Amino acid sequence: DTGVSQDPRHKITKRGQNVTFRCDPISEHNRLYWYRQTLGQGPEFLTYFQNEAQLEKSRLLSDRFSAERPKGSFSTLEIQRTEQGDSAMYLCASSDTYNEQFFGPGTRLTVL
Amino acid sequence: GESVGLHLPTLSVQEGDNSIINCAYSNSASDYFIWYKQESGKGPQFIIDIRSNMDKRQGQRVTVLLNKTVKHLSLQIAATQPGDSAVYFCAEKGSSGSARQLTFGSGTQLTVLP
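Chains as they are written, first to last, in our numbering: chain A, 1 to 112; chain B, 1001 to 1114.
No lab work stands behind these hints: they were computed from the structure. Do not take every clue at face value.
Simulated pairs of lysine-lysine, DSSO-like, Cα-Cα distance not exceeding 27 Å [stated by the list, open to error]:
| id | chain 1 | residue 1 | chain 2 | residue 2 |
| --- | --- | --- | --- | --- |
| 1 | A | Lys57 | A | Lys71 |
| 2 | A | Lys57 | B | Lys1056 |
| 3 | B | Lys1042 | B | Lys1068 |
| 4 | B | Lys1071 | B | Lys1056 |
| 5 | A | Lys14 | A | Lys71 |
| 6 | A | Lys11 | A | Lys57 |
| 7 | A | Lys14 | B | Lys1042 |
| 8 | B | Lys1068 | B | Lys1093 |
| 9 | A | Lys57 | B | Lys1042 |
| 10 | B | Lys1056 | A | Lys11 |
Using C-beta positions, here's what the derived DEER-type ranges look like [stated by the list, open to error]:
| id | chain 1 | residue 1 | chain 2 | residue 2 | range |
| --- | --- | --- | --- | --- | --- |
| 11 | A | Tyr98 | B | Glu1039 | 45 to 55 Å |
| 12 | A | Leu60 | B | Ala1029 | 31 to 41 Å |
| 13 | B | Asp1055 | A | Asn30 | 40 to 50 Å |
| 14 | A | Ser27 | B | Gln1060 | 44 to 54 Å |
| 15 | A | Gly16 | B | Ala1078 | 47 to 57 Å |
| 16 | B | Gln1058 | A | Ser62 | 41 to 51 Å |
| 17 | A | Thr97 | B | His1072 | 26 to 36 Å |
| 18 | A | Arg81 | B | Asn1022 | 23 to 33 Å |
| 19 | B | Met1054 | A | Pro70 | 32 to 42 Å |
| 20 | B | Gln1058 | A | Ser5 | 38 to 48 Å |
| 21 | A | Leu39 | B | Asp1017 | 42 to 52 Å |
| 22 | B | Gly1041 | A | Thr2 | 12 to 22 Å |
From a predicted model like this one, the values you see are computed outputs, not experimental measurements. All C-beta atoms in this analysis are idealised placements derived from N, C-alpha and C, irrespective of residue type, glycine included.
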């Protein structure tokens, strides 16, 4: 399978705990994006990498959120001290320089 | 500020009929538009895109129309099938100040009736 993959698909955690999600983009895609989607809404941009460099971050990305792409391939998104408002679907997408973004299946986070 | 919105949150069509899903945008600087389909529990799936120098683009059973004068685009699905039931999002690139991030609308739920 050469699509974007994300792990885990579902995560349930208690408020205050830290969580980490992983995204494996389509190989050879140099661009990787993280989005957040709440029920009934479209995805909202969080951050973007070109290779290993994090080039853009949304105002939505509070200090509790951190994303990395250390080798320019897979990426991780960590949320520290989770809050109930962090409950959402976290989507990863990748693209090459010129073409559309391909999305993964998402990680659904539930904070109790 | 920039926004991308959809006219209707839900649309029901009979199987075999054509579907039209509409989307309005507010920023005339938007230069690239994409339609995505999202099925329950899955990530958005690319359907078709169009650049601002075009007013129509056709794919397999789908057509996107762009009217820059009124800042409106539509997705037409021909001979709608049960597998077309999903939420459809329009997204645009270019108005947010970023050349790369997408700004999505809130989605239209398409239901295909047997």
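Outcome of the hint check:
| no. | hint | verdict |
| --- | --- | --- |
| 1 | A:Lys57 - A:Lys71 | holds (19 Å) |
| 2 | A:Lys57 - B:Lys1056 | violated (33 Å) |
| 3 | B:Lys1042 - B:Lys1068 | violated (31 Å) |
| 4 | B:Lys1071 - B:Lys1056 | holds (14 Å) |
| 5 | A:Lys14 - A:Lys71 | violated (31 Å) |
| 6 | A:Lys11 - A:Lys57 | holds (24 Å) |
| 7 | A:Lys14 - B:Lys1042 | holds (24 Å) |
| 8 | B:Lys1068 - B:Lys1093 | holds (14 Å) |
| 9 | A:Lys57 - B:Lys1042 | holds (24 Å) |
| 10 | B:Lys1056 - A:Lys11 | violated (42 Å) |
| 11 | A:Tyr98 - B:Glu1039: 45 to 55 Å | violated (27 Å) |
| 12 | A:Leu60 - B:Ala1029: 31 to 41 Å | violated (22 Å) |
| 13 | B:Asp1055 - A:Asn30: 40 to 50 Å | violated (31 Å) |
| 14 | A:Ser27 - B:Gln1060: 44 to 54 Å | violated (26 Å) |
| 15 | A:Gly16 - B:Ala1078: 47 to 57 Å | holds (51 Å) |
| 16 | B:Gln1058 - A:Ser62: 41 to 51 Å | holds (42 Å) |
| 17 | A:Thr97 - B:His1072: 26 to 36 Å | holds (29 Å) |
| 18 | A:Arg81 - B:Asn1022: 23 to 33 Å | violated (41 Å) |
| 19 | B:Met1054 - A:Pro70: 32 to 42 Å | holds (39 Å) |
| 20 | B:Gln1058 - A:Ser5: 38 to 48 Å | violated (31 Å) |
| 21 | A:Leu39 - B:Asp1017: 42 to 52 Å | violated (28 Å) |
| 22 | B:Gly1041 - A:Thr2: 12 to 22 Å | holds (21 Å) |
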